[in-house]
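Q: For reference, the chains in residue letters:
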Amino acid sequence: EDQVTQSPEALRLQEGESSSLNCSYTVSGLRGLFWYRQDPGKGPEFLFTLYSAGEEKEKERLKATLTKKESFLHITAPKPEDSATYLCAVQANNDMRFGAGTRLTVKP
Amino acid sequence: DAGITQSPRHKVTETGTPVTLRCHQTENHRYMYWYRQDPGHGLRLIHYSYGVKDTDKGEVSDGYSVSRSKTEDFLLTLESATSSQTSVYFCAISPGTGSYEQYFGPGTRLTVT
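Listed in order, the protein sequences are those of chains A and B. So in the numbering used here, the last one in the first sequence is 204, and the numbering has no gaps at all. So in the numbering used here, the last one in the second sequence is 463, and the numbering has no gaps at all.
There is no bait here: all hints are sound.
In the DSS-like style, the derived pairs of lysine-lysine whose C-alpha atoms are separated by at most 27 angstroms in a straight line are:
(1) Lys-153(A) x Lys-175(A)
(2) Lys-407(B) x Lys-420(B)
(3) Lys-159(A) x Lys-175(A)
(4) Lys-407(B) x Lys-138(A)
(5) Lys-420(B) x Lys-138(A)
(6) Lys-138(A) x Lys-361(B)
(7) Lys-138(A) x Lys-203(A)
Since the hints were made in silico from the structure, they are not lab data.
Isolated chain B, as found in the complex (with noise of 0.2 angstroms):
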């Protein structure tokens, strides 16, 4: 999974709890992404990070939000989770510069009960 790691791979939780998700890369990529995928839609970009505390909303960022204080981790906080936020999210990175394809982490299964 070319150095990508999220925490944790499986986790449920109560509407109305807050939930963060890790990611940890060891590429010292530039660029690192979180996607949701669902059944019926594919993957969705929710935000993603050019740099060091560099972020930009993605297609389905409402009730999303994302911070980068070191270049090999990026983090996603749900601050209220939601049943409609049940699904698999993956985090992804890229070098960017010239080079845009994207590698995924082995993704995350949030269940919001």
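Pulled out of the complex, with its shape left as it was, chain A reads as follows (with noise of 0.2 angstroms):
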């Protein structure tokens, strides 16, 4: 069965600490990995996709990568703004495979 597993559940970061989230997963055909972000009450807000090992994509602070059994979410310099859950989310066959999230914090 497929699956998808996120750590930390919850992780919490000074302004300026840089760390990463884990998404590790097992999937057979993986079509494409997908980041999300999501604010309190809102829906998820598409991040990246990343479809091979080796493929890395960037966007201001927050730079995904993926290889044969997991994903990194690397947060570079962060700020409270990026406070947030975090999902990574696995696309096999025509329907997609969600984590539990990372809800991250960021204090200034």
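Taking the hints as your guide, dock the two standalone chains into a single complex.
A: In structure tokens, the structure reads:
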């Protein structure tokens, strides 16, 4: 069965303190791995798609990487506005399987 | 929200009553999805559609039905609501055909009393 596990469940950082979020997965026939950001009371917002091992994508302070078994979302010098829940998802066939998310809090 | 609206945004209903949630898109995307989001479970797929009148079940489809009579509208129906269906429901759309990222609506908070 397809599985997506995110760690840690919650992460508290000081502003400027870089860190990484992990997404490990088991899936047959990976079509893509996706990262989303979700703010309280809102729908998830699409950030990145990664298709193959070794691929990297960047957006502002965020950088996503992919291996055959896991993906990392690196956050460099985070700011308080980066506080949100970050969701990882994998696509196999016609459905997408989501992880439970990492709740990130960045303190000023 | 990528041209996606959901209605209603909030609803309180009683156990045993039918409920229909609507998702409307202006992007002309082929794929549409319904998810529910609960604490500790994350987002779980209920049903999805890959074209007008073409739908399929997801991970947690029991107690739910869907219909898609037009490209832009995807309806989720709870035939007889139960308290276990209290949740936040999200609609998502995707262009498909080599581009699988999904774009989400603002959500509907449903409470079944």
